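Chains as they are written, first to last, in our numbering: chain A, 256 to 906; chain B, 256 to 906.
Quick caveat, the hints were computed from the structure, so don't treat them as lab data.
One-sided and incomplete, this derived list gives chain A residues near chain B with beta-carbon spacing under 10 Å:
1. G600
2. L606
3. L614
4. V620
5. E625
6. L728
7. R731
8. F744
9. L749
10. V754
11. A821
12. G828
13. T830
14. A884
These figures come from a predicted structure and were not determined experimentally. Yeah, the Cβ is synthetic: ideal placement off N, Cα and C, and Gly gets one too.
Number of protein chains: 2
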Amino acid sequence: MEISLLLAAAAAIAFALLQRMDIQRMPVEDARIREIGGSIREGAMAYLRRQYAVLAVFVVVVAGILWLLLGLGRAAALAFLAGAVLSAVAGFCGMRAAVSANMRTAQAAGQGLAPAFRAAFCGGSVMGLMVVGLGALGIGGVYLLNPGHPEVLTGFSLGASSIALFCRVGGGIYTKAADVGADLVGKVEAGIPEDDPRNPAVIADNVGDNVGDVAGMGSDLFESYVGCLVSALLLSVAWGGEEALAYVFGLAAAGILASVFGIFLVKTIRSEDAQLSLNTGTYLSAILLVGAAFFLGGLLAEGLRTFAAVVSGIAAGLLVGRLTEHYTSHRYRAVKEIASACGTGAATGILSGLSCGMLSTVWPVLVLAEAILAAYHFCGAFGIALAAVGMLATVGMVVSVDAYGPVADNAGGIAEMSGQPAEVRAVTDHLDAVGNTTAAIGKGFSIGSAALTALALFASYAGAAGLTAINILDPRVMAGLLAGGMLPFLFSALTISSVSRAANRMIDEVRRQLREFPGILAGSQRPDYARCVDISTQAAIREMALPGMVAILSPAAVGLFFGKEALAGLLAGATVTGVLLAIMMANAGGAWDNAKKSIEEGAGGGKGSQAHKAAVIGDTVGDPLKDTAGPSINILIKLMSMVALVIAPLL
Amino acid sequence: MEISLLLAAAAAIAFALLQRMDIQRMPVEDARIREIGGSIREGAMAYLRRQYAVLAVFVVVVAGILWLLLGLGRAAALAFLAGAVLSAVAGFCGMRAAVSANMRTAQAAGQGLAPAFRAAFCGGSVMGLMVVGLGALGIGGVYLLNPGHPEVLTGFSLGASSIALFCRVGGGIYTKAADVGADLVGKVEAGIPEDDPRNPAVIADNVGDNVGDVAGMGSDLFESYVGCLVSALLLSVAWGGEEALAYVFGLAAAGILASVFGIFLVKTIRSEDAQLSLNTGTYLSAILLVGAAFFLGGLLAEGLRTFAAVVSGIAAGLLVGRLTEHYTSHRYRAVKEIASACGTGAATGILSGLSCGMLSTVWPVLVLAEAILAAYHFCGAFGIALAAVGMLATVGMVVSVDAYGPVADNAGGIAEMSGQPAEVRAVTDHLDAVGNTTAAIGKGFSIGSAALTALALFASYAGAAGLTAINILDPRVMAGLLAGGMLPFLFSALTISSVSRAANRMIDEVRRQLREFPGILAGSQRPDYARCVDISTQAAIREMALPGMVAILSPAAVGLFFGKEALAGLLAGATVTGVLLAIMMANAGGAWDNAKKSIEEGAGGGKGSQAHKAAVIGDTVGDPLKDTAGPSINILIKLMSMVALVIAPLL
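Start from the sequences, fold in the hints, and give me the full structure.
Here it is as structure tokens:
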């Protein structure tokens, strides 16, 4: 059974290698493209190296604590190391492929839409395939070495969570510090356009897309993927014995193959309609998974029940993604209202976006609540884990589509900076626009899957801690609920002010360069890109420490000092407000972004109008909400549950 | 026992009448003051009359539903009517006193600080005394007529909640529609100062202060006061029999007398330091209450335990208020940081305020959690209700201080509009500044007491519905938690967009008047104030319907269709996210407001600077958050629990 998963993992990794070779084979003839692409690659890899150097120390220390202080056993400590290493390797390979593919996409854009799309998607797919490949390899491998002991897998999952915490939070801070810094000084003060090579922070901004939206996003979904599989394996035996365990392994294997098929399909369609290709691949892999879930269910005594639970997760995943689009796409009413509110000024634009973000929580939360009720109805707590697995089994496809976005975005930046002709930039602009839509859907999916994963881990924690009921009338649970509900607010406040601090440093540096070297704005002098890259890198690594400690220490402290009931309340409270805040911030940010774009395209005044200025303020407010604070909450709620699950035996 | 409460209530009402007569005795010699004050009074009373006319229909229909459809008995339906009527009467008397006192304060300001302060506080104290007087009268009276049946009191409490819902939501929409409309056109577009009589919306703006901050706030705390007393009475018998019931009545009576003493003290000190007088009164009444709680506890078998629970509530109330000041006063770091962030632009100012608001949830929530743990430790679920009673027993004093603020604010507006000399305006400005501090503290107190009241009602609901445990692992509870957590987001989105819609209508009207009658800006023509008052009135009454329905129907629907466990989850989720969102919005709004003021006083550029423009945007964003959406959530969480408690026997 774990063998099936290992074989599928091997297939995914092999396909990733093929895709990687494909990318390398694509030529980069233009010297300017090669130079700029090279700077982005260097910056991105330098960041990752420094981040991993810090994390290596952290991971070894935590492994020691787990083994020696908490007495969790050597196997769990080793599994923890494996989880951390594999997540890091997945991030490294995925980002390396992305920073190779971005310049090749810019180059291929000279030959038309289809080859450019192929290059960008190829780049994104390596991240997707490595996430599922290495995630499944780790889970299958750890179980193979510790047969009959799924609890050892919690160590692996915690390792993945630790990396995700720092990659997502650090990546989010990196990308927005660079983005806000580049925009506020470059666009607003100096009046130069986006992606102008005269802006000293422009390379850091492009590096940020990779660091945040490729590596950060990948580590987030790596964690969700591993977390939901581990909790499903933990809950399976109690529900249906070895057979149910085998079902989970088989379902995960089928999901990987479905993703591989989907990715292969997108690659070979060679259609001119990028959006259609991506949608076809996504839906095909979902359909394949539904078929596999049905077929595998036939081998079980209670097959139809498990099938129904899995399908409720798949449906919820697709629905939550679509709902996100409804609130963040310029084609729908919400964004149009924000754009028109910007006409009365920045304050009304901000209020309209905030209220859109709040309103956008309604349906996704009801969908999730319905999925929980359905999944539980069919298979109890195991059903919730199965729904999460259903949502996440084809994450290889989802991450490929998600990571395509920043590659296309970078390609646009490179084309702009290297002075490509207008028709080339038109191609990259189109690919970028498709990427924006997929990014919004991907964000909804990340939150939805994080919520289900956190709830599945929560159920596993309750089992591991021997809690048969978590009674809200118990004052410890009630106090825990309140305190837990507060944590996502605290966490968001910390990450938002981290971005502000880092952005301020970036602003100072960009201003300094433009002031001290007037040749930069004149175009006769090359700005010091590396200095800006360095500022973002340092800031991200320094600023991720405090939120990271909050995420790890608060569940540990509450569990150890106030008991397992209070910890259960804490987890429930954090999950509830976390999901809501994350959806609100992601959608408000996305809606402001698209309101700005629709004004730029002519609605309500166009560039330079008062409405546009108001919309730029909205967009700048939304940036750290949607790309730093919101995604970081996904990690917070999963990691807190993971920490609780790991320390449950001690409580 | 209920007799002691009735006697105390009578004392409070008698004192209120004396205060009212005192106000009437103060002269208003200046004809301009009388004219402008008269317009404000007319507008305020017209609003209240129209709102009550709508509510009368609503209340009679609901009473009919309760009696005939839900079969709750004639006594409960009559108690419901009594609760609604007494809350309405308290609001009417309190607001009438406030709109009489505002012009007298403006007049008295000519004779110095002390007489002006005395007039303003006198005006506010009528609201405070009527809230506790009529609240206690109702509870004592209903219990006297239905001895041994505290459950009939839930009808009374629901009546109070219904009025509170519409007064708080409608009042919040009224005041901010007028305020935003007056500011955006008057200050920003036409460039005339605040409270300039040439602004057509200026009377509506001043009416709004009374409608929102006097009547709305009073009905909110009337609801909290009644709600916590009712839940304490409901839970008392199970905990300690008749003796405990008598303790609650006695404590409430002592609290009223403590408030009366405190108010009397503030009135007679005749100090020049308004802030010191108010603080002295507040602390004196708290100390008297502590003494009474100790003394009354001596009559009980478990007296020290009840005393400890009461004290935990009193302490939490004072602490939450102080913490609010920490995040919203210009003397502390948070506001200074926002003011300096405004220097980089509106976006950074907004982000800084948002993150300050989020951060400001941390300590109040931990204080509340600690109070719950302590109160429960001493007296179980009854302890939570006792803590709420401890917090709210001296609400007569708290409301008096709160309502003093808008009276002083109005007096400043009247002095400005009637062209009083600078030294008069200096007096009113000083009183207004003191009012701003007390308003921020009062907001923190309202939220904290709403949270404890909602939790006490929640515990009462669990008892009434026969739930001995509310298990989060039960999927209905989990789904309920998620859906409930969403409701404060939905509710906030609805109220914020109500304000936007209403403000837009106001903006159109003000622009129309200024355009069609150029004499207005020249000062030769009187604007049509009544038209603007009318627009706010209509908008408030129309816009309060949808959020009101959400608050009433969602618990009823979830309870009837998904069962009492799902409803319990819904209440818990709504309370947790409600408290957090309310604190965040109130404090972010207060912090932006004071950041703007500190910039106006010279920090970082002064009036007209870029930083000031950014701060004005922050303030405008914060206005509906702190004065409409945030306070409305207080009502939402209490009312949902009340509805649940009332329908519990049907589930």
